[in-house]
Every structure is written in structure tokens, then in C-alpha cells.
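Please model the complete structure; the sequences and the hints are all you need to start from.
In order, the protein sequences belong to chains D and Z. Quick note: the first sequence uses the working numbering, first residue 62, plus one each step. Quick note: the second sequence uses the working numbering, first residue 39, plus one each step.
It is worth saying that the hints were derived from the structure and are not from the lab. Ideal Cβ placement from N, Cα and C applies to all residues, glycine included.
Here are a few chain D residues that sit away from chain Z, every Cβ distance over 12 Å (derived from the structure):
hint, residue
1, Ala129
2, Asn208
3, Glu330
Covered stretches of chain D, going by a simulated chain Z footprint (3 or more residues, C-beta under 8 Å):
hint, stretch
4, 104-117
5, 136-147
6, 169-181
Residue-level listing of the chains:
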Amino acid sequence: MNITNQKLIMKRITYFFIAAFFPFAISAQENMFVVYSVKGTVSVVENKVETKAKIGTILNGNSSIKLAAGSFATLLCNETKMFSLNKAGSYSTANLKDSCKTNNSSVSANYMKYIWSEMTKSKGTPEKNRKNYMANVGAVGRGDINNVWVDPRLDSVNYVSGTIPLSWKAYTEAEEFDFKLYDDSKTKILLAKPVKKKHVNISELLKLIQPGKIYYWSATVKDEPENTARHYVRYVPKEEYQTFFNSLKKTDAVETEAEMNFRLGFVLEENHYIAEAFNHYMKATQLDPTNSLYRYTFMSFKKDFEIK
Amino acid sequence: MLHKHIARHTKKYVKHITKYLYERDTFFATIAVFVFLIVLGMIPINFYVLNPMKLALKDFDFNDIAYAKLEKTADVPVDKRIVVVNTGHLDRAELGFLIEKVSSYNPKVIGLDIYFAGTREPDKDSILREAFKKTKNLVGVSVGAWDKHGFTIEKNNFDSVIAKRGYANLIGEEIGTIRYYSPFEKVGHEKYPQITTAIIKEFDHKAYEKLEKRHKEQEFINYKRRVNNEVKQYQVIESEDMMADNVDSNLLKNKIVLLGYINFDHNDVEDKKFTPMNDKFAGKAIPDMNGIIVQANIISMVLDTDYIHKTPKWVAWLMAIVIGWIHMSLFIRYYLESHIWFHLVAKVAQLFSVIFFAYVGIFVFDKFEVKLDMKYTLYVIALAVDVIYFYEAFVGWLHRKFGYQTIFGHHHNPLEHEKHHTNDHHKHETTTHEPTHEHH
Numbered sequence: 062m063n064i065t066n067q068k069l070i071m072k073r074i075t076y077f078f079i080a081a082f083f084p085f086a087i088s089a090q091e092n093m094f095v096v097y098s099v100k101g102t103v104s105v106v107e108n109k110v111e112t113k114a115k116i117g118t119i120l121n122g123n124s125s126i127k128l129a130a131g132s133f134a135t136l137l138c139n140e141t142k143m144f145s146l147n148k149a150g151s152y153s154t155a156n157l158k159d160s161c162k163t164n165n166s167s168v169s170a171n172y173m174k175y176i177w178s179e180m181t182k183s184k185g186t187p188e189k190n191r192k193n194y195m196a197n198v199g200a201v202g203r204g205d206i207n208n209v210w211v212d213p214r215l216d217s218v219n220y221v222s223g224t225i226p227l228s229w230k231a232y233t234e235a236e237e238f239d240f241k242l243y244d245d246s247k248t249k250i251l252l253a254k255p256v257k258k259k260h261v262n263i264s265e266l267l268k269l270i271q272p273g274k275i276y277y278w279s280a281t282v283k284d285e286p287e288n289t290a291r292h293y294v295r296y297v298p299k300e301e302y303q304t305f306f307n308s309l310k311k312t313d314a315v316e317t318e319a320e321m322n323f324r325l326g327f328v329l330e331e332n333h334y335i336a337e338a339f340n341h342y343m344k345a346t347q348l349d350p351t352n353s354l355y356r357y358t359f360m361s362f363k364k365d366f367e368i369k
Numbered sequence: 039m040l041h042k043h044i045a046r047h048t049k050k051y052v053k054h055i056t057k058y059l060y061e062r063d064t065f066f067a068t069i070a071v072f073v074f075l076i077v078l079g080m081i082p083i084n085f086y087v088l089n090p091m092k093l094a095l096k097d098f099d100f101n102d103i104a105y106a107k108l109e110k111t112a113d114v115p116v117d118k119r120i121v122v123v124n125t126g127h128l129d130r131a132e133l134g135f136l137i138e139k140v141s142s143y144n145p146k147v148i149g150l151d152i153y154f155a156g157t158r159e160p161d162k163d164s165i166l167r168e169a170f171k172k173t174k175n176l177v178g179v180s181v182g183a184w185d186k187h188g189f190t191i192e193k194n195n196f197d198s199v200i201a202k203r204g205y206a207n208l209i210g211e212e213i214g215t216i217r218y219y220s221p222f223e224k225v226g227h228e229k230y231p232q233i234t235t236a237i238i239k240e241f242d243h244k245a246y247e248k249l250e251k252r253h254k255e256q257e258f259i260n261y262k263r264r265v266n267n268e269v270k271q272y273q274v275i276e277s278e279d280m281m282a283d284n285v286d287s288n289l290l291k292n293k294i295v296l297l298g299y300i301n302f303d304h305n306d307v308e309d310k311k312f313t314p315m316n317d318k319f320a321g322k323a324i325p326d327m328n329g330i331i332v333q334a335n336i337i338s339m340v341l342d343t344d345y346i347h348k349t350p351k352w353v354a355w356l357m358a359i360v361i362g363w364i365h366m367s368l369f370i371r372y373y374l375e376s377h378i379w380f381h382l383v384a385k386v387a388q389l390f391s392v393i394f395f396a397y398v399g400i401f402v403f404d405k406f407e408v409k410l411d412m413k414y415t416l417y418v419i420a421l422a423v424d425v426i427y428f429y430e431a432f433v434g435w436l437h438r439k440f441g442y443q444t445i446f447g448h449h450h451n452p453l454e455h456e457k458h459h460t461n462d463h464h465k466h467e468t469t470t471h472e473p474t475h476e477h478h
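What follows is the structure, encoded as C-alpha cells:
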């Protein structure tokens with residue numbers, strides 16, 4: 062056998078092996094996830110080490126992603142398929158591989174489908190088939206009419222301990238309101254009571270709520286149609302709050318006790334821990350009563366949340 | 039047996055098309071279509087001025103269907119070389135802080151797709167100026183415009199602190215689809231880059247040189263990625279996430295970071311452009327892509343040397359001639375021999391031809407990034423039927439006047455047709471409606 066023939070045979074054998082094992086090589090490929098965006102408390106667990114999830118964090122095959130209630134994360138699989146997680150819990154990347162499936166239909170196939178659907182679609186005319194032509198409301202939308210307004214700051218509340226008022230304002234001279242507390246389905250009413258004030262202290266609800274669960278509340282002027290807006294309250298377990306608080310507390314910057322409390326107050330407020338933010342703003346003011354920024358912020362905070 | 043049956047039928051139908059293919063009249067009727075087309079094109083008046091359908095289709099390109107309905111770019115991965123930071127409505131001071139923050143992540147180039155007209159609050163301007171000074175790898179925007187002196191660049195109060203700049207202008211009608219951009223323009227005697235060209239120069243010099251060597255006054259933009267509520271093919275970071283360090287330290291390192299305005303609200307059309315990726319491929323009404331994403335698409339295209347090639351005009355004309363000729367042959371066959379079926383066959387043939395040739399154009403564009411201009415072909419197919427009538431009248435006149443011999447006879451007159459009808463159409467070549475001088 063001459064050298065040229067030998068080379069040819071080797072070449073064929075190589076091609077055979079490549080062709081035979083290529084499909085396995087493809088199927089054995091691991092999906093790669095990248096965090097595209099995050100909101101709320103989202104962390105990544107890798108080799109039993111939990112770190113805060115950041116935009117651009119890469120998750121390998123053994124990682125998992127943890128979402129606290131009210132948080133969400135958008136992940137990108139294999140740089141192509143995007144999907145969001147919005148329910149609290151821990152998700153292993155191995156369980157997310159179904160979300161990586163892409164629709165592989167070709168442009169040619171889609172063209173044929175498109176032409177066929179356009180040729181066979183018959184909607185009639187507006188005069189003859191009004192059912193197909195009434196997909197519009199015909200008026201401007203302003204939500205449901207109700208005379209109660211809740212400050213957007215109170216739209217989401219993380220509650221750990223202490224108390225804060227769940228307050229509202231009324232556009233009318235109403236003297237009595239209906240307050241309702243719902244479970245996380247937003248439909249099952251846990252508490253319905255008439256109130257004469259424009260707030261209900263969260264401490265009054267403690268018998269009905271449990272740590273780790275989500276609740277919703279609403280307020281309506283008495284005898285008016287029910288307000289469909291539901292406002293979120295999460296009863297955060299103390300341990301979870303402590304972990305979060307410790308992560309906030311850590312800083313490389315040198316700061317005084319007052320500065321630290323002011324910073325913590327600000328970040329906690331941003332994260333909807335209203336009662337806790339109140340405590341830290343107050344501490345900052347007490348520790349440095351001459352600081353006008355602390356005083357002013359604390360006063361505004363109390364006013365915004367109607368804390369007396 | 040079956041294959042013989044199929045072959046026999048195929049032969050029969052092919053004969054329907056080719057029977058008159060080499061007739062002199064078929065050639066001349068085809069030429070008449072082109073003459074008609076050219077004459078129409080030479081009329082200096084826009085006849086579509088009050089025609090809403092034509093106005094809607096003015097900005098139409100068949101290839102847009104590939105984006106709008108056929109998911110041409112659905113599987114295109116996120117371009118990891120480019121990260122877009124949404125500046126939202128930050129003021130100048132906040133932008134200054136954002137630039138410094140982005141710079142701390144060590145990107146290779148920062149492209150700022152925002153221009154600053156005039157001065158504002160001095161303290162805020164100072165903060166921004168300081169950020170520009172510190173950020174040596176920043177490429178800014180110049181405002182360019184054409185006037186009687188050629189392309190000129192407006193002076194700006196931040197010029198002294200932004201060393202690298204480019205104009206952000208794109209090519210398109212005011213409310214039209216952006217399909218082209220000009221990589222360079224001459225400003226005085228200097229070659230001035232478009233902002234994407236200036237960014238690429240800093241990021242990948244080889245890609246820049248390739249672009250320069252193409253010597254194109256304008257390039258087609260090869261749109262491959264979009265960013266909206268449903269699809270995100272570029273990494274977009276909100277400025278708040280950036281400022282709060284919610285970003286992995288490697289995400290921006292050695293990459294191109296584009297700072298610009300992005301919004302996902304359909305009703306917010308600030309800095310949004312119409313592109314071929316618009317969900318409406320005809321009669322586009324709402325712009326679909328933020329300007330910064332258009333620039334990002336240009337950068338991706340140049341970095342990948344993934345330019346769109348357009349076939350020369352002569353190819354488009356040649357295709358139109360060949361396809362028009364074949365159609366003309368088919369139409370003439372039915373016109374002369376089965377006139378009762380002529381209009382039905384012609385309409386069906388036109389419909390299927392438009393579907394088929396539009397598909398050919400889309401297929402070639404999708405697979406080879408080559409834009410076949412099928413416009414002339416489709417015009418010719420559409421006009422051929424009407425031109426046959428005109429041509430028949432014309433050759434009838436030529437025959438009466440000069441004895442011109444033609445295959446078009448008196449097929450409309452059943453009596454005459456019967457008298458002269460024979461399987462060999464050549465036998466009634468000289469028949470006319472009113473024979474004046476027979477010369478067989």
C-alpha cells in the first residue's frame with residue numbers, strides 16, 4: 062500500500078469517527094446560563110458558597126440560583142434563549158435546561174407557513190363580521206374608580222418586627238373605610254374590618270400573619286365599589302433579615318456610628334424595610350442631633366409614611 | 039410506469055411555457071414591457087402622490103418580511119462584545135458619575151451616544167467635563183449636517199475634552215426606514231468617521247482597516263439583533279444597577295460599552311428609528327428600535343465583517359428579462375390558444391410567481407447575506423398581461439401598414455379563428471382583422 066493510499070484511509074477513518082461521535086458531543090454539551098438582569102434579593106449558590114447574583118454572573122452546571130419573595134431574575138441560556146424566574150425559591154441550573162430549548166424552524170418553513178396562513182385567513186369585513194373587529198375598548202383607561210390613594214412607597218412592604226401604619230389618603234370626605242387583608246392568592250380574605258382612621262397598624266395584624274408568607278391589603282371608602290388595587294406585604298423571617306442586614310452592614314469605608322445608621326436607614330428604606338429604616342434614621346438623628354440632613358430626612362420619612 | 043406518466047405530463051406542461059418561447063413576438067412583447075417600465079420611470083411626476091397604497095409601500099422591501107414574520111434573527115446570540123448602558127434621563131452631573139463608574143470596570147472603549155447642546159448649570163457641566171477628561175477611551179458624538187459647503191461638524195463646548203468623536207447620523211428619510219449608514223464623510227479635506235467607525239477603530243483595528251478598504255460611501259446595515267420587551271440580543275444594564283454595583287466585574291472588561299437612551303415603552307418614540315426589523319413590514323407606523331441599538335448593530339456587523347452584498351443592477355435586469363420572457367411565452371400561449379383561460383392562468387401564474395420569487399430573494403438574503411433586487415422581476419410579471427394587449431394592437435397596426443408578420447391574429451373573432459385555426463400557429467401568421475394586402 063503506498064503512502065497516498067494510507068493517508069486516504071486514515072483520513073476516512075478520522076472523518077468516520079468525527080461523524081459518528083459528533084451528535085454525542087453536541088448532546089453532551091452543558092447549557093451555560095448568564096444572569097441578564099436581577100431585581101430584589103437574588104443569590105447564586107456555587108460549591109455551597111452563596112453570593113449575591115449580579116448582572117453578568119455566569120452559572121455553571123452545578124450552580125443554583127435563589128430568589129427571595131418579590132424578586133426576579135432573567136437568565137440567558139447559551140447566549141440565545143432568555144427566560145425569567147419570578148417565584149421565590151431555589152432553582153438548580155440542571156432543572157432549567159428545558160428553558161434553553163429554541164425554536165429551530167427555518168426561514169423557508171416559516172415563509173411557507175406565513176403564506177399559507179395569510180392565504181387562508183378570512184376575517185371578513187367590519188360590516189359583516191363585527192366580532193373580529195371589536196378588539197378595542199374605545200375609551201381611555203384610568204383604572205377602577207375609587208377614592209382611595211396609597212402612596213407608591215407603601216405599595217410593597219417588607220415587615221420583620223415593630224410596627225408601621227399601612228396608610229392611605231381619601232379624595233372624599235369619607236369617615237369610614239373598609240380594610241381588607243388577603244392571602245398570597247389576593248382573593249382569600251383573611252380580615253375585613255371597617256376603620257375610622259386612614260391607617261391600620263401592621264402590629265394589629267400579627268395574629269393573622271406568619272413569617273415567610275406574602276399578604277396583600279386594600280382599603281376602600283365604605284359603601285363604594287371594592288378597590289381592586291392590592292398592596293404587598295411580606296412578613297420576612299428574622300434570620301433572613303439578619304443575613305441581609307449583615308451584608309449591608311459590612312463596608313470597607315470608615316464611618317461614624319451615626320453615618321452607619323443613616324446609611325443603613327437609607328438602604329433599608331430602598332429595600333422596603335420601613336420599620337427597620339425608621340429605627341436607623343432615628344438612631345442617626347439621636348447620635349448626631351446637629352446634622353440637619355439626618356433631621357430633615359427623618360422628619361420627611363415620618364411624614365411620608367404617616368408615622369406619628 | 040409512474041415515472042413515465044410523470045415525465046409525460048411534465049413535458050406537456052413545460053411545452054405550455056416553451057411553445058412560444060423563441061417567437062419573435064415573444065421577444066418583442068418582452069422588450070415592450072421593459073420599454074413601458076423605462077418610460078414610466080422617466081416620467082418626472084410622482085403619480086403615487088395621492089395613492090395611499092403606493093405611499094405605504096414606498097418604504098417596502100420584500101426582505102423585511104424575513105425579519106417581521108419569518109424569525110430570521112430569532113436564534114442570533116447576544117453579542118458579548120457589546121454592552122449597552124441605559125442612561126435614561128440622567129442630568130449632566132449624573133452622566134459624569136455614570137461615565138466614571140463605567141470606566142472603573144475597564145471597558146476597552148466607551149461610546150457615548152448623547153450630544154450636549156450648549157451649556158447648562160456650571161457645576162453639572164464641570165462634573166461632566168471632568169469625567170470626559172479622565173476617560174481617555176471615550177468616543178463622543180458630533181453633530182454633523184450637509185450644507186452648501188459639504189458635510190460640516192457643529193462646534194460643541196465639550197469638544198476640547200472629547201478627543202475621539204464621530205457623527206451619529208444615519209441614512210434614511212425623516213420618517214423612513216434606516217437601511218444605510220455612511221462610515222466616513224469628508225469634512226473639509228479630512229476623513230471624518232461615523233461614531234461606530236470611531237469606536238471600532240479603538241476596539242479592533244483590523245476590522246476598521248477592512249471597513250476603510252471597502253471604500254463604500256454608504257453601507258447597508260445588516261440588522262441581526264434587537265432589544266425590546268420580548269427579545270434582548272444585547273446586554274442592557276440600567277444606570278441604577280451600574281451605580282449600585284449590581285454588575286459582575288468581568289461583564290464590561292475589555293468590551294465596547296455604549297451609553298445611550300433605551301426605553302421599552304412602545305409609546306415612547308424618543309430616538310427610536312424605523313428599521314427593517316419592524317413588526318410591520320409594510321406601512322410602518324411606530325418606530326421600533328432605539329438609536330443606540332441601531333449603532334450596536336452596525337458595530338456587530340463591522341466586527342464580524344458581516345456586510346450585506348447587493349447584486350449589481352445588471353443582474354437584477356437580467357433576471358427580470360429572463361423571467362419576464364418565460365412568463366410572456368406562457369401568457370402568449372394562453373392568449374392565442376385558450377383565451378377563455380387566459381386571465382385565470384395569468385392571475386394564478388402572477389400570484390405564484392410573486393410568492394416564489396419573493397421567496398428566492400428572501401432565501402438568498404437569509405443564507406448568503408446577498409440582496410437580490412427582485413423588484414424589476416416582479417414589476418415585469420405584473421405588467422406583462424397588460425402589455426400583451428397593447429402589443430397586439432401595435433403589431434396589428436404594423437401589419438396593416440407595413441405588412442409586418444405576427445403570430446397575433448384574430449383570436450378574438452371566433453369565426454375567423456375557426457377558419458384559420460390549425461395546430462400549427464405559424465399558418466395564420468399573416469391573418470389580420472382587416473386584411474388589406476395579403477403577401478404570403
